[in-house]
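**Student:** Given these sequences and hints, build the entire structure.
1480 is the number that this note's numbering gives to position 744 of the sequence shown; each next residue is one higher, with no gaps.
Hints are computed from structural coordinates only; laboratory data are not their basis.
This structure is a prediction, so every number in the text was calculated from the model and none was measured.
Take these hints with a grain of salt, some might be off.
Below, a list of computed lysine to aspartate or glutamate pairs in the DMTMM-like style, where the Cα atoms sit at most 25 Å apart [what the hints assert, rightly or not]: (1) 1315 with 1008; (2) 1315 with 879; (3) 1319 with 1008; (4) 1319 with 1341; (5) 1319 with 1021.
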Amino acid sequence: MLPVIGVALLTSAFSGGQAQTLQAPYATPTYVTPSSAQWPSSATWASLNTSLDGRLSTLRPWAAVCYEGDPLFDAIACQAVISGYGVDTTRESSAAALLWVDWEACGYGNSCALDGADPQIISNATCGQGSTPSYSAEVLSPEDISAVITWATQNNVKLTVKNTGHDYAGRSAGPYTLQVWTHNMNNMTYVPDFVPQGSSASPVPAVTIGAGVQAESLYEFVLAQNVSVVNGGCLTVGVAGGYIQGGGHGVLAPAYGLAAEHVLEVTIVTADGTIRTVNEAQDSDLFWAIRGGGGGTYGIVASMTIATLPQMSIGASLLTIEPNQAMNSSQLAINFIAMVAQYANIWADAGITVVLLPDTTSYSLDFYWPSSLASVSMFYPIFEDILAQSSSYNVTSNTTSQTMFSSVTQAEIMEIGPFFDAVNIYGMANRLASRLIPYYNMTTSEGQTAVAEAIWAGAEIINGPLTEGLAGTFGQVPPLIIGDMPAATRNQSNSTASNPGLYDAVWHVVYATPYLTTGPGVTQSTVNLVQNAIKNATQPLIDIGMVSSYQNEGSAYETDWQQAFFGWKYPLLSDVKQKYDPKNFIMNYQGVGFVSTLEPFTCWEQNEVQPYSSDQPAFVPTLITPLQDYELVRVHHPDSPHCRHLSPTERHARFQRITAAYDILRGRQVDPYRAEIERRRRAQQAWARSRARRHAEFAGGLGESSEWAADRRSDGIGWRDRLIISAGILSLGVGLAPIFWPGIGVDDQRHQAAAASLAQARREAREYGQERRREIRRRVQEFREQEEGLQDADAPEDSRWQRPEEQHRCSAQSRQR
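**Tutor:** As structure tokens, then:
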């Protein structure tokens, strides 16, 4: 029935064979604020509290207890905030906290943040309310949600919805709003023979989850049931919230489609307070819109039922590759991205997920796939390509196994989840920009090269202000290239409301970096430099036609957000929105029906990049930055209309400068100011070594050949022969594993034991992340002490920012997804 729904909706969106233009919002609600006479009285708020059995609370910023001048200041309570300031689970458990502090603010200066690198009690600043909602309503049932929505519509109070606060565009908060906090709706039920309400469909195994369930909990739960689900890579995301309502990609998506495609039924409360059970047989248009059409838009979801898949083992190949440091790093990176790109479509069609993280000093290239769908031989060509260019690339680590993980849960909790934990730095500011790379752009060598060059040009843009040790930043960051788009269901775009760009795509390219908004040397200008770089990083990809972006991991300041996040489906979604919420009351930032001029959205305007001010940091390089290089190439080329008024002498000088800038961007010439920077930080290599150690331990008794180095040994046996031998040994190991490894058993008790074991592994991974954070703090403190010593010695301005090699080791772990 899904294709029928899609075709019916599609017909309404087209007229005369041409798509309608993107629709403007159809209704503008009037939300009240505390300064208006219509703001609810204390008695009115008390009535809502009574209906929720006392689970309504006023909300102040989480760190208010650490501001000495704030009425809530409490030194003891502050220590708890400080100890958990960068811990995801701690921040998620507070209604007032988000995972990234820039979205807790309402413009630079109106915030209540601590120094994310070294949180301490604040004695000389004011804790601003920022974008923290005025009240929070903890909901535990659909009836609670209905009561809150009914009260809010009667009193014209804007609603926001929060589970974990894992939202890269800050949609979990908003000033003058009432927060609907779903975090504790974390019930899960396995139904082996589920049939949607009102449907005559055949029973299928499924799991029903509450709105507060997170990815990690779901992975552990389905493992105990001996089944799998399509789920996300970040273990902190709320599954039924923005993840599935935005589409939901993940390690199984190339083989089984988006997570939204596996939803069988949803319990949702719409703007009229009605609790609806929607599926293909009931309110099918609303059911279609919820699955991928954006969270917090058509109502508030209370629960979802998701079809499960059989339990499956996961194969993996995890490589770390070092480019030749004596060669041009930019050109090497471009060539390597293009080398990987030539196989992108082949791997996607085989159900293989690819994750590429190319830094200037080290590349991380990982593959994951359901063991039954592909074999290690799929990677022989790329292995041969890399070995053929051994003078350019050196494989320092290669762990490859046809059945590396016994389950999807094990792959996520042991490897994929910790990887994203390592690249996410919580308790700091964070911005993203992303683009989806279509399948058809990767069908020719010319297209592959153009994509590789544009990706690296974006990396140069974002790293421009980071190269010079800008205050509040942590060094250069690589682009994150994720190949986990829904290849198997590419022709079923109509089945869900997910961005059609997701179905067209083979790669998802993300640019991001953590940075500080509070701390020594941090000003609005330093913040602007970082935000500007992130915002502009996708421009090279846009210029070659990449128009789509994934809304859950896109830019909060996407110019053409309707096209980028929804494509041709926006008019269809607008129709559904109007039908179920004609007053446009449940509104989300950059969601369908979004009205940017309303007061609850003023913080997004305040948080947007501001024009550069005159107090630019003294250490910003005077040489051309990559961003300036790109602007010169794009706008100020001597043949462009902007330069036709120049004299021949000026045009010739401009031509020389633009040629040098273009050579830098293309990697034909070493960037002069980057050449003076000492070796890039080494945290990525440390992560690779740690990963290799973990997998060496994991391989255990399976034999040395299960982890084989890509370099050729002098024993006369080729690497392919060793791989075939390894596969045989691994097959024998897998066959005997149930005897020696109880966690592989299929009975419930053994699966529960496996789940508990993986939970312990996850806790250990989190402890590792906390230890890494403490190490960052220690190095930051050392740097500050060094800086103070240099200042006392009246050191020249430039020398203050010449950090020693040791100070560069903690940056690459702050790479953002």
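**Student:** All hints, please: hold or fail.
**Tutor:** Taking the hints in turn, this is what the structure says about them:
1. 1315 with 1008: It holds: about 11 Å lies between the C-alpha atoms, which stays within 25 Å.
2. 1315 with 879: holds (22 Å)
3. 1319 with 1008: Holds. Residue 1319 to residue 1008 sits at ~10 Å (cutoff 25 Å).
4. 1319 with 1341: The hint holds at about 24 Å.
5. 1319 with 1021: holds (18 Å)
Violated hints: none; the structure is consistent with every hint.
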